[in-house]
Amino acid sequence: MPTLTIDGTEVTVEAGCTVLQACEEAGVEIPRFCYHDRLSIAGNCRMCLVEMEKAPKPIASCAMPVGEGMVIRTDTAAVRKARQGAMEFLLINHPLDCPICDQGGECDLQDQALAFGRDASRYVENKRAVKEKNLGPLIRTMMTRCIHCTRCVRFATEIAGVEELGATYRGEDTEIGTYVEAALTSEMSGNLVDVCPVGALTSRPYAFTARPWELRKTESIDVHDAVGCNIRVDSRGAEVMRVLPRLHEDVNEEWLGDRSRHAVDGLRRQRLDRPYLRVDGKLRPATWDQAFAAIASRMDGLAGERLAAIAGDMVDAETMLAMKDLMTALGSPNIDCRQDGAKLGGRHRGGYLFNTSIAGIEEADAILLVGCNPRWEATLINARIRKRWLAGGLSIGLIGPRVDLTYGYRYLGAGPATLAEVAGGDNDFAGLLQAAEKPMIIVGAGALSRPDGAAVLHLARRIAEATGMNGGDWNGFNVLHGAASRVGGLDLGFLPGEGGRDTAGILAGAGRGEIDLVWLLAADELDMGQFGDAFVVYQGHHGDAGAHRADVILPGAAYTEKDGTWVNTEGRAQQGRRATDPPGEARQDWAILRAFSDVIGQTLPYDNLAALRARMAELAPSFGRLDEVAPGEMGSFGVEGEVDATPFASPLGDYYLANAICRASSVMAECSRLYLAAGEGTGTDG
Amino acid sequence: MKGRQPDPAALAELRDILGEEGLRRDMLLEYLHALQDHHGHLSTRLLAALAQAMRLSQAEVYEVASFYHRFRIVGEAEAAPAGRRVDVCDGLVCQLAGADALAAALAADGGDGRIGRGACMGRCEQAPVAAADDSYIGQADPARIAAGLRGEIVEDRAPEVTFADYREGGGYDLLQQCRNGDHEPDWIIGRLSDSGLRGLGGAGFPTGRKWQLVRAEPAPRLLVVNADESEPGTFKDRYYLERDPHRFIEGMLLAAWTVAADEIYIYLRDEYPHLRRLLQRELVVARQAGIAVPEVHLRRGAGAYVCGEESAMLESIEGKRGLPRQRPPYPSQSGLFGRPTLINNVETLYWVRDAVNDGGDWPGQRSFSVSGRVREPGVKLAPAGISLRRLIDDYCGGMADGHQLAAFLPGGASGGILPAELADQPLDFGSLEDHGGLLGSAAVIVLSDRDDIRAAVANLMRFFADESCGQCTPCRLGTEKAVAMLAAGPADAAALADLAQVMADASICGLGHAAANPLRCALRHFPGAIA
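First to last, the protein sequences are chains A and B.
If you use the working numbering, the first sequence corresponds to residues 1 to 686, in order.
If you use the working numbering, the second sequence corresponds to residues 1 to 531, in order.
Be a bit skeptical, because a hint or two may be false.
Computed Cβ-Cβ distance ranges for the label pairs, DEER-style [to be verified]: (1) D133/B with N134/A: 31 to 39 Å; (2) R524/B with E219/A: 42 to 50 Å; (3) G360/B with E362/A: 37 to 45 Å; (4) F208/A with D434/B: 51 to 59 Å; (5) P490/B with E10/A: 47 to 55 Å; (6) A129/A with A108/B: 40 to 48 Å; (7) E152/B with N134/A: 34 to 42 Å; (8) P329/B with T5/A: 18 to 26 Å; (9) Q5/B with T287/A: 29 to 37 Å; (10) R524/B with R122/A: 57 to 65 Å; (11) E362/A with D434/B: 48 to 56 Å; (12) D133/B with E106/A: 51 to 59 Å; (13) Q5/B with F208/A: 33 to 41 Å.
From the derived model, a few chain A residues whose C-beta atoms are all more than 12 Å from chain B [unchecked claim]: (14) P99; (15) E163; (16) S297.
Keep in mind the hints are simulated off the structure, nothing from the lab.
Predicted model, so just to flag it, every value in this text is computed and none were measured.
The beta-carbon is built from N, C-alpha and C at its ideal position, and this holds for glycine as well.
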């Protein structure tokens, strides 16, 4: 732990950190453009210069490792002069077009020019002009503004794992770009805009729509997958203008996938903004009273076992608990939160959680991926695996569809047969897991959402046991969920009760006339043709598959419009906050259920969110420990049995069209058309 | 959308040129050279095929190829260039010798070659110089260039001191003694330190100490020879390699033995193709005569002055763009491929045998590359600390006819420009700094009363702008801006001085630190010429 003196103050920092980090530790602000604490050090902008005793010239603090007894000065005339010089240089070719630049108001160059620059430039010659580049439908370029910090190149090659960005030519002819002028094929490309310190790369969908100071900023949680990325929702009036990542070291660090960031235009389209009733085969607008009355009248006299409810992939836990309580009150055991039919759930949380934790991936030394494509299903978990892989000494094996994951792996096989080999020790990857100190297995929906899913789960468990994945503080057994609602639903027991039907059973029962009324909580990823003559209530926010089949539509709130709790794949409960109001007559979902319960005389025992949340915490302690990950008990799970020979298939056909919000988004449609329909997948082209 | 897919024909052609063996990442520049040697240019279809064969992204291959000025990339839509290519040297010395007029005459004449310009070609004593493809032509005029295009001008010749001559004079005895156990590495280092031998590439770091530092690092270690001599006005390394290559080779082998480097890389500038062939030949000769030579990788530069900067050179040898690295770590700790690396200039190694043998008695003479307005330009071995006046009068036959000394560059483009009044100052490390000059590689360019100081400074600044790697802000923008300001007429002296100050203080590497020297010197010694 070296001690150094910064502007006369002694500070002790960890060995191996840089002078810039030490200055931050000492509370001294160092201006920088190229330095980014999650990217490799470039040291090219020369803005972070400081004086070091005995050094003949100012040093770049971002690239200088700390040493015992160093004496650093950041406040001398020479340092000010050097910074002013670097700043003046950067502005030599940077256009002064701030009034028409989307970076305005959140631009590092603008801020630092004010703080560290001169008041006027003495250089009057023409500025250089650089041709625009095509970086895909999400990024707008204005390369004349580029200051060559290379953050984007480093992000693309290091974090995103796509080596398509580069710096061509040299000297003042240097240009950043994709050499083949191809769109950047990464699901993390939106982050390029965040890392760009100037307005060279800005968000294309958000272009010229708002200024940062006009936006209301609401801290929330992403629900496009089960990672639980921390986000900030920027809204103006009733409209969500953009979504940005928020720092959470243990979850998404400071990154966000393109779907989570850029599907927001879907929040404005295809919205269910009033109740509807099917009359003579056609959906017609109705009042809340009419809609509730229609449901109540259909429900009247029905035995509990003739009712059913299925929760979709983005539903908050509050709504699921209200639904469960209502169904319990009505005597129905037919509820399920697994619309994909995953064979998961039960008392032992360890059997359905990502037990290692996302940050824990960085300690692993061997990973077996089973039936999952983390790049699509959990982009930020994939980024974490890549981060660990880049650090070296990690062996990765994959069983399932062969996909490009941005890191190297051994392809072991396509399906359960290979998994059984590993479980039986007949595959040398088993030996590798055995020899590893911190081995992991990650089982995805592609392996579990199939009729033999329970047997597959059992095999995975056997591998974990045989290779010593559970021991001491380490739990290497992991389920990778794709649905934000799933773990919350499992924690609350939104599962078939005694003698109850699961999703497949509900569909079959409806088809056979044994189920008369199905309540879909924003569940759209189902074969709607299987509901037969059943009366379908669709409560959700988008006019997607479920609404088209519905007999009654109850307009609810999308994730940005509600205060809700979601539990991520690690078992981490996090609360999202309402950024805007739901449109028109749409209402908060738990409140809709509470109101309906009143109509049918089964009043739910909570009048406000606090009471509902208290009950959630009572039922499942995870809800009482926000943002914490508790070890999942392992107990018994899975069922020993025959596995089918069918290869594991990816559950996600299209990263960009994964849910109702994405399917309403024209930005996502454009991405899908460009990246996937052209036959050039980002994750399935192996 | 991942970009063009290489066509099978291009992949087959690539295999024909590069062979069937597995391709290595660090050999990228060599492969690019092989493709260009074959076709006279680099086509984007072959670049795409190369990326595929090397499992690199196309962006990565293209960024490397486009960084180096010797590589000529021809896009899909462009027609492959016809005819041969003639480049006229753009260096200051050749400019003084009428290179601009020569290039204009060639362009006006048309002919069958394409006329271009190239950075200083390292043959300044023969100015003006031109290159017809890979043939270099001194005292170039249209007739000689035509002869060069017909292949009639060949630089290759046997060294003045052959292996047999060198051996007869006691050459390789010291190496054999070391290898026989007669000397310890520490003894060699001690003798070197006693001799006062310093790095002659320009930085002047004490050689013995450098070897000591590398030897103290854990094995495996590497030796890299910097033969990328490209400081304008410098041609001493070429001179010594052409005349007495085995003295250099023995020095190189002594260095490898002393620091126990198991492999040697020589990074030779691409403008010296005859030396490439010579070194290949002479290494075979030495081996055949029983001198054990560890594995020597002879690598070609590709037209990038910045690659003479040692860490940029390491990047280039690794097959990357020549961007200088941040220090620490220093190459002695983590150099080529992350291994402790000893880096020495050709001339430094050339003197090792004599320096070790003589120890404290070594005279420590300096090899001045003298060019410009003197009667007899060339490499002059003279006592360190000689004055310019004595160098010109005693070693160069005086000033050229009709020329009066007006200014001189003591150390190539980087060393700044000094007025005739300083002609009696000793030319040595440490004696010129007070006046803003640097001895550097001891490339002395002499200007006369008939030369335009402003045009000379503009030439030097344009050289740095062309050669800046573009990595760091001060150098990238400062060099370019200086060129623009000098071109625009009388300049704001205060703004230029600040520009120079920022470049010198804030750049990453020596190129940026030194690039402002001509400008700063001119502002100080010739203010009327600039502002």
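*Report the numbers of all earlier hints that the structure fails to satisfy, in ascending order.*
Hints 2, 3, 6, 7, 9, 10 and 15 are the ones this structure does not satisfy, whereas the remaining hints hold.
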